[in-house]
Each structure stands twice: as C-alpha cells, then as structure tokens.
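**Q** This is what each chain is made of:
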Amino acid sequence: MGDPYANDAYVIRRKVFTIFGAKFHVYDSSGQVVLFSKQKAFKLKEDIRVFSDESEQEERLLIKARQIIDFSAAYDVVDVRSGSKIGAFRRKGFTSILRDSWEFLDTADRVIGTILEDSMFMALLRRFLTNLIPQSFHAQVGGKDVAKYHQNFNPFVYKLRVNLEPQARSAVDPQLILAGGILLAAIEGRQG
Amino acid sequence: MSEVSVTCSCGNRFEVAKSFKGGLVNCPKCAKATSVPSGPEPVFLAMIAILVVCLLLATYAAWAVMGPVAGIIAFLIGAGVVIAIIMAS
Chain Y
1398 MGDPYANDAY
1408 VIRRKVFTIF
1418 GAKFHVYDSS
1428 GQVVLFSKQK
1438 AFKLKEDIRV
1448 FSDESEQEER
1458 LLIKARQIID
1468 FSAAYDVVDV
1478 RSGSKIGAFR
1488 RKGFTSILRD
1498 SWEFLDTADR
1508 VIGTILEDSM
1518 FMALLRRFLT
1528 NLIPQSFHAQ
1538 VGGKDVAKYH
1548 QNFNPFVYKL
1558 RVNLEPQARS
1568 AVDPQLILAG
1578 GILLAAIEGR
1588 QG
Chain H
17 MSEVSVTCSC
27 GNRFEVAKSF
37 KGGLVNCPKC
47 AKATSVPSGP
57 EPVFLAMIAI
67 LVVCLLLATY
77 AAWAVMGPVA
87 GIIAFLIGAG
97 VVIAIIMAS
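Protein sequence lines correspond, in order, to chains Y and H. Counting from 1398, one number per residue, gives the positions in the first sequence under the numbering used here. Counting from 17, one number per residue, gives the positions in the second sequence under the numbering used here.
Bound conformation, chain Y alone (with noise of 0.2 angstroms):
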C-alpha cells in the first residue's frame, strides 16, 4: 500500500449507520480510501484511532483527549508506527462558542497554527440561523496557509473535504493537517 499522505485532496465521511461511536473514511483524490477512523464509543476521553482500512489491523494515527471535562480541550496526536506524539490540536473554548477555533501545537505545546472557522458572518448565521450552511476553516501554520477544510452540503451524510496548500508539507506534518480533518469531523461535526 502507498504513502496515504502523499496526496493534496482527501475526502474525510462519516459512515452512516454506526451504532455505536463514529466511524469515518478518508479517501484520496481517486476515490480510494486510504485511511479509516474509529471513534471509541463508551468513553468519557475522546479517543479516535486511525487505521490504514477497515480490517484495522494496522494502526496508523492515535487522536487523544488529555481530559474529560475540559473546555479548552487538547488533543494529542501519535504517529502510531514511529510511537512518537507529532504533536497536539487545543479547541479555543471561549471563542469557539461565536466561531470554532482550534491551535495547532507541537510536541511541547507551543503554538505553531490556527484552524479557524471561514468567517465570523457565517459562523454567526450557523449558530443562530441554520446549521446547514457548510462549515469551512482554514489551517495556518507559522503565518502560511497549510490547508483548507470544506464541509459538502449533505445534511444526511457528513464529509469534509481536506486540500493541502503546495507550502503546507514544509510547514507542518501532512499527518497532522488530516488529523484536524478527523477531529473537525468527529468534534465539530458532531455538533452540526
């Protein structure tokens, strides 16, 4: 199987009818799906695995939330094949309340980048108009854009589009740009 972070377009979805938990798909620009995620159901601590498909039989990413109840929660990312943390994603709770805001953050916390929600406008009419406008957020890291993440009109299957900027795999970790799409998808989606 071929490096799954060797592309700039991906396809994040959410598999319907799952009982328990949330499960999502990440698919290429091809179509193929290249990762597949699994969100623990049952757990006061968010805890998403991804593996490389379905069978997941080989782990590739390890999205963890470092408390239960936090407002400002963090979540730690491990590169499951090398065990080491690449590093972190904090979701700014005040400021999320009016437009969903989350920090990139290496290994020792420091900030590195935002993800921020398109545009206050727009967050403020999904808030208190309808949340069926589509979510958008830009990925920034060290002033550059990294990313960009587009929710699809679909108000019955969840997908979230992932475009990597040509600049983004010298600023940041192409794991860690498709590990916010999984967090936006399974935290921020939620809520939609």
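Some clues are possibly wrong.
In the SDA-like style, the derived pairs of lysine to any residue whose C-alpha atoms are separated by at most 25 angstroms in a straight line are [to be verified]:
{"id": "1", "chain 1": "Y", "residue 1": "K1440", "chain 2": "Y", "residue 2": "Y1402"}
{"id": "2", "chain 1": "H", "residue 1": "K37", "chain 2": "Y", "residue 2": "I1465"}
{"id": "3", "chain 1": "Y", "residue 1": "K1437", "chain 2": "H", "residue 2": "I89"}
{"id": "4", "chain 1": "Y", "residue 1": "K1435", "chain 2": "H", "residue 2": "I102"}
{"id": "5", "chain 1": "Y", "residue 1": "K1435", "chain 2": "Y", "residue 2": "R1487"}
{"id": "6", "chain 1": "H", "residue 1": "K48", "chain 2": "Y", "residue 2": "G1490"}
{"id": "7", "chain 1": "Y", "residue 1": "K1412", "chain 2": "Y", "residue 2": "P1531"}
{"id": "8", "chain 1": "H", "residue 1": "K37", "chain 2": "Y", "residue 2": "Q1572"}
{"id": "9", "chain 1": "Y", "residue 1": "K1440", "chain 2": "H", "residue 2": "A104"}
{"id": "10", "chain 1": "Y", "residue 1": "K1437", "chain 2": "H", "residue 2": "S54"}
{"id": "11", "chain 1": "Y", "residue 1": "K1440", "chain 2": "H", "residue 2": "A95"}
{"id": "12", "chain 1": "Y", "residue 1": "K1442", "chain 2": "H", "residue 2": "V20"}
{"id": "13", "chain 1": "Y", "residue 1": "K1489", "chain 2": "H", "residue 2": "A95"}
{"id": "14", "chain 1": "Y", "residue 1": "K1437", "chain 2": "H", "residue 2": "V81"}
Don't read these hints as lab results, they were simulated from the structure.
Model the placement of chain H on the given structure of chain Y, informed by the hints.
**A** For chain H alone, kept in the frame of chain Y given last:
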C-alpha cells in the same frame, strides 16, 4: 509552574508541565509517546458527587412514596448509571 513526574516504559523518569496532565508526551530519551498521569479531575469529581446526591434523593423519594422495593430498584438503577460513568472514564 508545577510539574508532573512521568516514567517512560524505557525506564526514564522526567518532569513535564501540568498542562500535559492526562495527555501524551515524547520521552526525551527514547522519543516514544508516554502517558502523563491525569490525577483526579475536579469538575468530573464534582459531577459524580452531584450524581450520588441525586441517587440518594431519588432512592429516598421512591422508598417514601412507593415503598422499599421501589427504593431498592431506584438505588440499583442509579448506582448502575454512576458505576457505568466511572468505568467509562
């Protein structure tokens, strides 16, 4: 800033900032992700305490209004919920 002591599976012992509690950090020696002990979470403990008080009140109310059998059933159901929440944590 106060720190938390972490012991890696490689045997290395090191300190990390409190903000990492319950999370994962890379061991400075072997570079593998290592769990940081979480310790008690005050908000979660407060929630459990409130649940236990509610359980006792519901047991008392069921016992007083519908009799001892209802009280025992209410207690068992409530205790099951509390235990399930603690187990899930």
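**Q** So, for every hint listed, does it hold in this structure?
**A** Against the structure, the hints come out as follows:
1. Y/K1440 with Y/Y1402: violated (28 angstroms)
2. H/K37 with Y/I1465: Holds, at about 11 angstroms.
3. Y/K1437 with H/I89: Since the Cα atoms of Y/K1437 and H/I89 sit roughly 30 angstroms apart, the hinted pair is violated (cutoff 25 angstroms).
4. Y/K1435 with H/I102: Between Y/K1435 and H/I102 the Cα gap is close to 22 angstroms, so the pair holds against 25 angstroms.
5. Y/K1435 with Y/R1487: holds (20 angstroms)
6. H/K48 with Y/G1490: violated (29 angstroms)
7. Y/K1412 with Y/P1531: holds (18 angstroms)
8. H/K37 with Y/Q1572: This hinted pair holds, its Cα atoms lying about 24 angstroms apart.
9. Y/K1440 with H/A104: holds (5 angstroms)
10. Y/K1437 with H/S54: Holds, because 19 angstroms separates the two Cα atoms, which is no more than 25 angstroms.
11. Y/K1440 with H/A95: OK: Y/K1440 and H/A95 at ~18 angstroms, within 25 angstroms.
12. Y/K1442 with H/V20: holds (20 angstroms)
13. Y/K1489 with H/A95: Answer violated: Y/K1489 to H/A95 is near 35 angstroms, above 25 angstroms.
14. Y/K1437 with H/V81: At roughly 40 angstroms apart (the allowed maximum being 25 angstroms), H/V81 and Y/K1437 break the hint.
Checked against the numbered hints above, the structure violates hints 1, 3, 6, 13, 14; every other hint is satisfied.
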